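Participant: So the sequence lines, in the order shown, correspond to chains A and B.
Just so we're aligned, residue 36 is where the first sequence starts under my numbering, counting upward by one.
Just so we're aligned, residue -7 is where the second sequence starts under my numbering, counting upward by one.
Any given hint could turn out to be false.
Incomplete in silico selection of chain B near chain A, CB under 10 Å [what the hints assert, rightly or not]: (1) A(-4); (2) L0; (3) T1; (4) F5; (5) A7; (6) A9; (7) A23; (8) L24; (9) L31; (10) I41; (11) A42; (12) H48; (13) S51; (14) G56.
These aren't lab readings, by the way, just hints derived from the structure by calculation.
All of these numbers come straight from a predicted model, not from anything done at the bench.
Even glycine gets a Cβ: it sits at the ideal position worked out from N, Cα and C.
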Amino acid sequence: MTTPLHFQPITELRRQLADGSLSAVELTQHFFDRITRLNPSLHALITVNDEQALAQATEADRRLQSGTAAPLDGIPISVKDAIPTRGIRTTYNSRLKQDWVPNTEPLAITRLRDAGAIIIGKANANELFGIPSDDDLYPRPRNPFNVDYVGMGSSSGSGTSTAAGLCAASIGSDSAGSVRLPAGNNGLYGMKVTNGRISRHASEPRSTFQVLGPLARTTADAALLTQVMIDRNPDDTVTDYVSQLEADVRGWKIGIPSRYIQSAPVSADVLDAFNRALDELTRLGFDIVEIKLPGLAEARMATFVAMYTEHHAEQAVNIRERPNDYGRSARLYAMQGAFISALDYLNALKLGERVRATLDATLAQVRAIAMPTCPFVTAEESRRPTEHRAGINTAFTVAFNLTGHPALSLPCGFAQNGIPVSLQLTGRHNDERSLFQISQAYERVTNWHTQHCPL
Amino acid sequence: MIPAEIELTYEQFMAYARQMFPDANDATLEALYPMVRDLRSLAARVSRIAMAGDAHTLSETASGDA
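Could you put the whole structure together from the sequences, leaning on the hints where they help?
Facilitator: As structure tokens, this is what we get:
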């Protein structure tokens, strides 16, 4: 059976655009038809960029016909509405910014546009990166695999819009797992590169931990988007991920921190899928080895201390002058960091350096570390008060925002309620390539990424 | 702000919060207090570990306990 256009990966769409069997206008209009039908109930996109997107699609068709197309020409993507986009309304799902049209944007977004990507809409996100509440400007996205549940992570709209086939891929931002968690919760591939490898110039907020990254349907799509976004020199072959996806991975060591994983309240569906993924990796020739991974809990605690402090600093003016323009949760989230001292903030960063050194030593012995992406299947489980207060929903993701290591989430199964679950690979600093290669090897022998939502 | 290792009492918190956030109502500050208490407790723990350096053995569990 042919895969519907809206679920085809970018690599396949590019082939059709290049051979003329599909036009960028047709493709963009197809996604708009899906958006018109599904977005009112899914709440995936806050702003739909129809007029500009169709004009860009027309331009893309001209370049495609003249043989001057760029790598992403004619590919419609969404961008998290907490990432500024020049000339397109960016609300942060906040009353403070509900009419803001930026005149600048992060360099990575400009690179995507220069590569021909069409920004079809701005994806729903937690208000100001905070905790969602009922009085947010825009309601929470639903999970398209089971609409009884909401989307996971602050880039939840990026996950929903891509998985529901409202766009070909999305760009999110990840401060504690917010690319990897919604990717994992939607059967997508989500990459958080090494901190600092994707320029965040003109991003808001100015966070130590936040990294922009793609949510995509395949490893190849995630690699292509990362390659476009990343800071690289023209003669840089290390970040030519796309042409180096296939590798002889036999014998590569993958470390499993079993003691850490078992100590977290991991749901049975997640653990079962994770263990089956390890079996598959073993069959592929990977050498699965037990490792100790001390410091992840300390790094999680340190990240939250530093992140809340930075968030308060970012919001310091508005939260004093316009507290009633924040949603209930976002208001408290923005205030609490006012009560942390500079000493405690700097100690949190210092602890991160120590955990990074520990992780570096472990990663010198293995090519990557594998864990589930999230202990839980649904955002609802993540929000249970006890787990959420302790940040347990980010038990496998947030440490790497502090230590800076790259991490990739990839689909590895489904829970009984139909929602995808995923595996996370963490690698050495600046070695995103190995993560893509491992992911590609696993994707070739599994079909999780081809099982789409029923919408 | 005083370091997290020194207790911030409820009264101190309210006095500070009312100056810092004069437009926030008491209900907001009441809701904020337990969050701040938990965050400062976390920060005190983080600072103790950071300042202990190698004398503190890093945990291998998700709770951070030995």
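Participant: Give me the numbers of the hints this structure contradicts, sorted from smallest to largest.
Facilitator: Failing hints, ascending: 3, 5.
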